[in-house]
Amino acid sequence: MTDYQLFRQIVGAMAVGEGRKASDLIDQVPDEQEPDLHTYVTAFFSTAVIQRLGESPDQSALRAFVDEMRHDYRNAEPPLKPMALEALLRAFYGEEHLLNEVTPQEQLHCEFLAIRKIVHQSEDMSLRLETYLADAETLAKEWAAEA
Amino acid sequence: MASLDEFVTAVQSNIEALKQAQTSMDLAKQQAEEMSSQFQAMSAESMAVGAQSLKQGVEQAQSGVIPVITQLEQLITQAQGLKSLRGSGGAGPTHTRPAPSPLDAAPPALKEPIAKVGDQVTAPEPGPGSYQHELEDPDENARGLGKARRLGRGLVRRSSEIQDSVKDTAKSAASVIDDGFDPYDYGKAQATVGVSTPPPPTISGPDVKVTDVSGAVVIAAVVLIDGFARIAGRLRKRT
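Chain order of the listed sequences is A and B. When the letters of the first sequence are read in order and numbered with this note's numbering, they come out as residues 35 to 181. When the letters of the second sequence are read in order and numbered with this note's numbering, they come out as residues 7 to 245.
These are calculated hints, taken from the structure and not from any lab test. Be aware that a few hints might be false.
Cut-off 20 Å, straight-line C-alpha distance, at most; resulting in silico cross-link-like pairs (SDA-like, lysine to any residue) [claimed, not checked]:
#	chain 1	residue 1	chain 2	residue 2
1	A	K55	A	R86
2	B	K153	A	E164
3	B	K25	B	E40
4	A	K115	A	E89
5	B	K153	A	A110
6	B	K25	B	G70
7	B	K173	A	R162
8	B	K173	A	G51
9	B	K61	B	E40
10	B	K153	A	Q39
11	A	K175	B	K89
12	B	K173	A	G88
13	B	K153	A	R162
14	B	K173	A	Q139
15	B	K177	A	Y127
16	B	K89	B	P73
17	B	K177	A	E89
18	B	K153	A	G51
19	B	K153	A	A178
20	B	K25	B	K89
21	A	K175	B	K153
22	B	K61	B	T76
23	B	K173	A	Y127
24	B	K25	B	S52
25	B	K173	A	L96
26	B	K153	A	A168
27	B	K153	A	Q139
28	A	K115	B	V229
29	A	K175	B	L81
30	B	K177	A	R86
31	A	K115	B	D174
32	B	K89	B	V71
These numbers come from a predicted model, not from an experiment.
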């Protein structure tokens, strides 16, 4: 049984910048549920990106977001990979072949970092984080059922 | 206070006005008829036909008034029925037979159904009032759930590929979120009070030292001097 409650707590902690708490919770995830966690993170990432960039942003809006991310995570270790982030975002917006340029690990890493930034800078997502975490569960369950 | 008699009088004057209107339409009908014969005389056939159809239109309007008059007349009968009930005490439900439908007296054009089986059907434009819109949760819409569902689906196709490293990758991201996230000062020339100024950008790559440069120069000089010495030696042997 997939523990979505735990996933919500993990992504919720990440979103508000409580990395250490998230780390402790991640240790509790059973190994066999790792793919489901990835799906859940991607679901939340999807709602966050829609909130931030809308349904069809132009190239310059995407580029501007990537530039901001580079700034925000300029001291990150391991460093942010802007190319991977851009490929991931463009894959999200329809250029699906670009996903092949990104390893699944890079994808997950970029998604968490983007989630933190977007929630931090979105009043609506900050105020109603639980609602968005529930939305992600809805999507993740649908996608898991399709797989 | 209004009385049944007053009601009946009012309705009677309505009927009178309608009958007058009906009669006054005769004038329009007559004019259309005259136009038609004039056009006929000028051999303007299509104009004549047009005028005829104007005349028919007036006739139709005229006969359309008939059911209205009929209905009003029935109201008078109904009102008179109420008057007789009033005399018997007025208690209890006052069942009056509903007026017969004026449709019976209506001209054929009014009896036509709005749509028949086999008619071409055009779907109404989906607008803000359409049922689809009502089914969607407007707040869900605002949160972009449907769009996220559609666009994000493609990103999960490899979720199972990183089974072993999800937790490690997530924990690495968690430490970055704790220590490497600094969204302040973006696009600002001046540092905000209380926020550390980002360090100036550094060029990454192997460091280049002055001593390395001078070392390379010394090696190059040695090679050159050695080369000259050999050439000089060869020249000396020839002589």
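Hints versus structure:
1. A:K55 with A:R86: violated (25 Å)
2. B:K153 with A:E164: OK: B:K153 and A:E164 at ~19 Å, within 20 Å.
3. B:K25 with B:E40: violated (24 Å)
4. A:K115 with A:E89: violated (24 Å)
5. B:K153 with A:A110: Violated: B:K153 and A:A110 sit about 31 Å apart, past 20 Å.
6. B:K25 with B:G70: Holds, at about 12 Å.
7. B:K173 with A:R162: Status violated; Cα separation ~26 Å.
8. B:K173 with A:G51: Roughly 17 Å between the alpha carbons, so the hint for B:K173 and A:G51 holds.
9. B:K61 with B:E40: Holds: B:K61 and B:E40 sit about 10 Å apart, inside 20 Å.
10. B:K153 with A:Q39: violated (24 Å)
11. A:K175 with B:K89: violated (72 Å)
12. B:K173 with A:G88: violated (30 Å)
13. B:K153 with A:R162: Between B:K153 and A:R162 the Cα gap is close to 18 Å, so the pair holds against 20 Å.
14. B:K173 with A:Q139: Answer holds: B:K173 to A:Q139 is near 10 Å, not above 20 Å.
15. B:K177 with A:Y127: violated (27 Å)
16. B:K89 with B:P73: violated (24 Å)
17. B:K177 with A:E89: violated (30 Å)
18. B:K153 with A:G51: At roughly 26 Å apart (the allowed maximum being 20 Å), A:G51 and B:K153 break the hint.
19. B:K153 with A:A178: holds (18 Å)
20. B:K25 with B:K89: violated (26 Å)
21. A:K175 with B:K153: Between A:K175 and B:K153 the Cα gap is close to 16 Å, so the pair holds against 20 Å.
22. B:K61 with B:T76: The hint is violated at about 24 Å.
23. B:K173 with A:Y127: violated (27 Å)
24. B:K25 with B:S52: violated (33 Å)
25. B:K173 with A:L96: violated (28 Å)
26. B:K153 with A:A168: holds (16 Å)
27. B:K153 with A:Q139: With Cα atoms ~24 Å apart, B:K153 and A:Q139 exceed 20 Å; violated.
28. A:K115 with B:V229: Violated: A:K115 and B:V229 sit about 44 Å apart, past 20 Å.
29. A:K175 with B:L81: Measuring from Cα to Cα gives roughly 65 Å; hence the hint is violated.
30. B:K177 with A:R86: Cα-Cα ~25 Å, so violated.
31. A:K115 with B:D174: With Cα atoms ~17 Å apart, A:K115 and B:D174 stay inside 20 Å; holds.
32. B:K89 with B:V71: Given pair B:K89, B:V71 is violated - Cα atoms ~28 Å apart, limit 20 Å.
Hints 1, 3, 4, 5, 7, 10, 11, 12, 15, 16, 17, 18, 20, 22, 23, 24, 25, 27, 28, 29, 30, 32 from the list above are not met by this structure, while the remaining hints are.
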